[in-house]
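The opening residue of the sequence shown carries number 1 in my numbering; numbering runs sequentially from there.
It should be emphasised that the hints constitute simulated quantities derived from the structure, not laboratory data.
The structure displayed is predicted, hence computed values, not measured ones.
A hint or two may mislead.
No more than 20 Å apart at the CA atoms, straight line, and that leaves these computed lysine to aspartate or glutamate pairs for DMTMM-like [said to hold, decoys possible]:
#: 1; residue 1: LYS142; residue 2: GLU8
#: 2; residue 1: LYS12; residue 2: ASP26
#: 3; residue 1: LYS207; residue 2: GLU161
#: 4; residue 1: LYS212; residue 2: GLU188
#: 5; residue 1: LYS33; residue 2: GLU60
#: 6; residue 1: LYS142; residue 2: ASP26
#: 7; residue 1: LYS33; residue 2: GLU8
Quick list of the computed label-pair ranges, beta carbon to beta carbon [as the list claims (entries may be wrong)]:
#: 8; residue 1: ILE191; residue 2: ARG68; range: 42 to 48 Å
#: 9; residue 1: LYS63; residue 2: ASP26; range: 23 to 29 Å
#: 10; residue 1: LYS33; residue 2: HIS144; range: 27 to 33 Å
#: 11; residue 1: GLU48; residue 2: ASP213; range: 49 to 55 Å
#: 12; residue 1: TRP59; residue 2: TYR7; range: 17 to 23 Å
#: 13; residue 1: ALA5; residue 2: ASP26; range: 16 to 22 Å
#: 14; residue 1: ASN141; residue 2: ARG68; range: 40 to 46 Å
#: 15; residue 1: LEU187; residue 2: VAL22; range: 17 to 23 Å
#: 16; residue 1: LYS63; residue 2: LYS212; range: 55 to 61 Å
#: 17; residue 1: GLY102; residue 2: GLU58; range: 35 to 41 Å
#: 18; residue 1: MET1; residue 2: PRO24; range: 17 to 23 Å
#: 19; residue 1: HIS144; residue 2: GLY102; range: 21 to 27 Å
Glycine residues also receive a C-beta, built at the ideal position from the N, C-alpha and C atoms.
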Amino acid sequence: MEISALYEIYKKHPVVTTDSRVCPHDSIFFALKGERFNGNQFAESAIEKGCAYAVVDEWENDKPENPRVIVVENVLETLQKLANFHRKKLKITIVGITGTNGKTTTKELIATILSKEFKVAFTQGNFNNHIGVPLTLLSINKSHEIGVIEMGANHPGEIRELCEIAEPNIGLITNIGKAHIEGFGSLENVIKTKCELYDFIREHEGKVFVNKDNS
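Please take these sequences and the hints and turn them into a complete structure.
Written out as structure tokens, the structure is:
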């Protein structure tokens, strides 16, 4: 199914879930897979619990009898593409926040301050990865005026990937340090990864704020 066609379904059912235990009525279930779970196994159960559709990438006959089961090549990539498609439709400012420490606190502070004047959508908790960012974007609706998106990373290139999905107009880097350095290999790689937000914003002529005390 083309993303544009899936988006038409999403517009009619604008609530997305990836947890088959939490199936809001009329939502869309995306059957993600991990090392110890396979959401495809719970697609029919999710529909029975209230989901309007289930998006899967594994099905016994490739063509489900149930028209509410949508088979795609890769569920995670489809979720990310749908989120980016939605973001392009949104005529609002997106603020991207990254850094070694303080991302969640900074995000909460910025969202609280902006909410005094604007209708703000923002990352819930620290749901800031390749799954959380798309889900946050898909929770934004026409009533929102600003989105505040927290972006985390555990390997080089991840912030760039999140930027390609969220397309932030404004960036903020809290700080850069050695915490969580395992997946990066060196402090230099941490710096390069966090600066992927800076690079993306510069390429798109946006504005970036950095912590002068950490320079």
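Checked hints:
{"no.": "1", "hint": "LYS142 with GLU8", "verdict": "holds, 15 Å"}
{"no.": "2", "hint": "LYS12 with ASP26", "verdict": "holds, 9 Å"}
{"no.": "3", "hint": "LYS207 with GLU161", "verdict": "holds, 19 Å"}
{"no.": "4", "hint": "LYS212 with GLU188", "verdict": "holds, 18 Å"}
{"no.": "5", "hint": "LYS33 with GLU60", "verdict": "holds, 16 Å"}
{"no.": "6", "hint": "LYS142 with ASP26", "verdict": "holds, 19 Å"}
{"no.": "7", "hint": "LYS33 with GLU8", "verdict": "violated, 24 Å"}
{"no.": "8", "hint": "ILE191 with ARG68: 42 to 48 Å", "verdict": "holds, 47 Å"}
{"no.": "9", "hint": "LYS63 with ASP26: 23 to 29 Å", "verdict": "holds, 24 Å"}
{"no.": "10", "hint": "LYS33 with HIS144: 27 to 33 Å", "verdict": "holds, 30 Å"}
{"no.": "11", "hint": "GLU48 with ASP213: 49 to 55 Å", "verdict": "holds, 54 Å"}
{"no.": "12", "hint": "TRP59 with TYR7: 17 to 23 Å", "verdict": "holds, 22 Å"}
{"no.": "13", "hint": "ALA5 with ASP26: 16 to 22 Å", "verdict": "holds, 18 Å"}
{"no.": "14", "hint": "ASN141 with ARG68: 40 to 46 Å", "verdict": "violated, 23 Å"}
{"no.": "15", "hint": "LEU187 with VAL22: 17 to 23 Å", "verdict": "violated, 39 Å"}
{"no.": "16", "hint": "LYS63 with LYS212: 55 to 61 Å", "verdict": "holds, 58 Å"}
{"no.": "17", "hint": "GLY102 with GLU58: 35 to 41 Å", "verdict": "holds, 39 Å"}
{"no.": "18", "hint": "MET1 with PRO24: 17 to 23 Å", "verdict": "holds, 22 Å"}
{"no.": "19", "hint": "HIS144 with GLY102: 21 to 27 Å", "verdict": "holds, 24 Å"}
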